[in-house]
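Protein chains in written order, with numbering that gives the first Met the number 0: chain A, 0 to 324; chain B, 0 to 293.
These are calculated hints, taken from the structure and not from any lab test.
Fair warning: this is a prediction, and the values are worked out from it, not measured in the lab.
Backbone N, C-alpha and C define an ideal beta-carbon position, used for all residues, glycine too.
Treat the hints with care, since some could be wrong.
To be verified - In silico contact screen, one side only, chain A against chain B (beta carbon under 10 Å); selected entries:
no., residue
1, V260
2, L298
3, I300
To be verified - Here are a few chain B residues that sit away from chain A, every Cβ distance over 10 Å (derived from the structure):
no., residue
4, S66
5, Y182
6, T251
7, N275
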Amino acid sequence: MSETPLLEVDNIKVHFPIYKGVIARQVGAVKAVDGVSFSVNRGETLGLVGESGCGKSTTGLAVLRMLSTTAGTIRFDGTDITHLSRAALRPFRRRIQMIYQDPFGALDPRMTVGQLIAEPMIVHNIEPNRAARDTRARDLLSMVGLRQDMAERYIHEFSGGQRQRIGIARALAMQPDLLICDEPVSALDVSIQAQIVNLFQDLQARFGLTYLFIAHDLAVIRHISDRIAVMYLGRIVEIAGREALYDHPKHPYTQALLAAVAIPDPDIEATRPHITVTGEVPSALNPPPGCRFHPRCPLAIDRCRTEEPQLRDMSNGQSVACHLA
Amino acid sequence: MSAAIEVAPVRRNAFLAGLIRLIREKPLGAIGLAIVLVFLVCGIFADVIAPYGINQISPVNRLKPPSARFWFGTDHLGRDMFSRILYGAQLSVIIGLSAATLATLISVTLGIVSGYFGGRIDMLVQRVVDAWMSFPELIILIVVVSVVGPGMFQVIGILGLTFGIGGSRIIRGAVVSVRENMYIHATQSMGATTTRVLLRHILPNIMAPVLVLFSTRVGAVILVESGLSFLGFGVPPPAPTWGGMLSGSGRTYMYLAPWLALAPGLCLTCVVYGINMLGDALRDLLDPRMRGSR
Ligand SMILES: Nc1ncnc2c1ncn2[C@@H]1O[C@H](COP(=O)(O)OP(=O)(O)OP(=O)(O)O)[C@@H](O)[C@H]1O
Ligand SMILES: [Mg+2]
Numbered sequence: 000m001s002e003t004p005l006l007e008v009d010n011i012k013v014h015f016p017i018y019k020g021v022i023a024r025q026v027g028a029v030k031a032v033d034g035v036s037f038s039v040n041r042g043e044t045l046g047l048v049g050e051s052g053c054g055k056s057t058t059g060l061a062v063l064r065m066l067s068t069t070a071g072t073i074r075f076d077g078t079d080i081t082h083l084s085r086a087a088l089r090p091f092r093r094r095i096q097m098i099y100q101d102p103f104g105a106l107d108p109r110m111t112v113g114q115l116i117a118e119p120m121i122v123h124n125i126e127p128n129r130a131a132r133d134t135r136a137r138d139l140l141s142m143v144g145l146r147q148d149m150a151e152r153y154i155h156e157f158s159g160g161q162r163q164r165i166g167i168a169r170a171l172a173m174q175p176d177l178l179i180c181d182e183p184v185s186a187l188d189v190s191i192q193a194q195i196v197n198l199f200q201d202l203q204a205r206f207g208l209t210y211l212f213i214a215h216d217l218a219v220i221r222h223i224s225d226r227i228a229v230m231y232l233g234r235i236v237e238i239a240g241r242e243a244l245y246d247h248p249k250h251p252y253t254q255a256l257l258a259a260v261a262i263p264d265p266d267i268e269a270t271r272p273h274i275t276v277t278g279e280v281p282s283a284l285n286p287p288p289g290c291r292f293h294p295r296c297p298l299a300i301d302r303c304r305t306e307e308p309q310l311r312d313m314s315n316g317q318s319v320a321c322h323l324a
Numbered sequence: 000m001s002a003a004i005e006v007a008p009v010r011r012n013a014f015l016a017g018l019i020r021l022i023r024e025k026p027l028g029a030i031g032l033a034i035v036l037v038f039l040v041c042g043i044f045a046d047v048i049a050p051y052g053i054n055q056i057s058p059v060n061r062l063k064p065p066s067a068r069f070w071f072g073t074d075h076l077g078r079d080m081f082s083r084i085l086y087g088a089q090l091s092v093i094i095g096l097s098a099a100t101l102a103t104l105i106s107v108t109l110g111i112v113s114g115y116f117g118g119r120i121d122m123l124v125q126r127v128v129d130a131w132m133s134f135p136e137l138i139i140l141i142v143v144v145s146v147v148g149p150g151m152f153q154v155i156g157i158l159g160l161t162f163g164i165g166g167s168r169i170i171r172g173a174v175v176s177v178r179e180n181m182y183i184h185a186t187q188s189m190g191a192t193t194t195r196v197l198l199r200h201i202l203p204n205i206m207a208p209v210l211v212l213f214s215t216r217v218g219a220v221i222l223v224e225s226g227l228s229f230l231g232f233g234v235p236p237p238a239p240t241w242g243g244m245l246s247g248s249g250r251t252y253m254y255l256a257p258w259l260a261l262a263p264g265l266c267l268t269c270v271v272y273g274i275n276m277l278g279d280a281l282r283d284l285l286d287p288r289m290r291g292s293r
């Protein structure tokens, strides 16, 4: 049983239709996610990186079932949850939680921290007794490194890092299996970022949590991920174990991304390929034919302009969607 | 320990604590509350407090200015204005508070349904609101009154409905902006029911406009009721509503006996002012971000 991945995403597409005119005729669609497949094993962290607008958040929201998928399937713990009804989805709403980039916006300003953490326990009937709920809320606060008496205070009285800890405590109150972390540290100070990333790791070790960790900071992703998926314009272009991806990136786009950040190891720094890309990300409304990266790719050949490369398994779990790899 | 035993003292303490906070942090609001309470008590116990009957005529004491005997003077029929104001408080304050409460309930319900669910429901509700608002409230009132006859309940019902439907636009706007907040999304994604989202998250976060709407409506209802009474569609005379007094003898004898207009006018101003101050104070007290501010 524990052999099956906790989360399997198979070729999902999320298209946002665009309407125009008085009769609201559909004139096109933003193909925010256009055929994405990956799986996340239990207790593992899959990092998801890519430029702004490539569809990372949309992928996360689709897994959370907060956006309807145009095509494809999402399987959680062996169950196809892609089209589950509201009622049938309820247990999964407990097991899959989201950690937001802006914890201040994601926490109701009119509730005390104690109420915020207790709310999921009421919703999922985890702790029917009020006193027991309060106790557990306080325990959760200490678990994420806050003082228990902070339960009485309101969210605006906290710093960014503290707010994110509260957001994490609220998610943990539901005893989830999978946390979708959508850039959970990118709004924080660098010094605080490290603390929160460490907290994520501690909690993972303690509760066997599984993370889908979205970020654009390659250092953070490298620190926390077991495997990393690189997205470009609604598709995954490369997915590999952390070491493989950072040491031998195979897709020109991954190489370019990594080239943009210096690597502290001079041996690797000297030998790794240095690719630079120019130009802008094409529109998700009208992605280029063939390989979506070809207009910006310095290595593009004719085949790249016509034929769309599929993710191919190279070796030891490294998959690349590139004709040249 | 049973839950019931635990809850009761907590509730009362919370109420007391709230009252103490109101007095300490929002003295103006506390004054507003006191004003409203004084008028409520006057209205409720008018029978006991009033020195004369409402319609006790005394031809020798016509149009007497305020004195120790007639605190607010007398009107053209020699009726004691102070007694009439007290009975008027009963009618006007009751009408004002109940119609404003009804109006706020209707506004909040329509506004939340329309603003939260959006789409077709929103479209439908908004067109009904448009249609309703295109009728002058007076026409609706005249129709209703001609069918069921004039009276206090008709006035409360019609004014509550009219102000309620009109105010739903304001609430809808507030709901639409609150709905876009990430915490609503977060609560939905954790599997909370729609009822919980609406009652625990949307409603508390639109309390500011709701309270403002309510407190402005009380004054507006009392004023509109006076207009209706003047036209004969309100609470029929000789029942003493403040509006009726203002627009009736108050206007006729404005130069000869200004106290006839001043007494109900000032009372009206006081009540409306008191309710507005109380509403503002409550709005600030209910907002955790305003804790400790004045
Ligand atoms: N509700 C929506 N309606 C229409 N288009 C949308 C919607 N949500 C997202 N998009 C579009 O889908 C694409 C992917 O957006 P998404 O938010 O997933 O990007 P992202 O990778 O998370 O970016 P970032 O790093 O900036 O958060 C973008 O082009 C965006 O404009
Ligand atoms: Mg995003």
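### Query
Which numbered hints are broken by the structure, listed smallest first?
1, 2, 3 and 5
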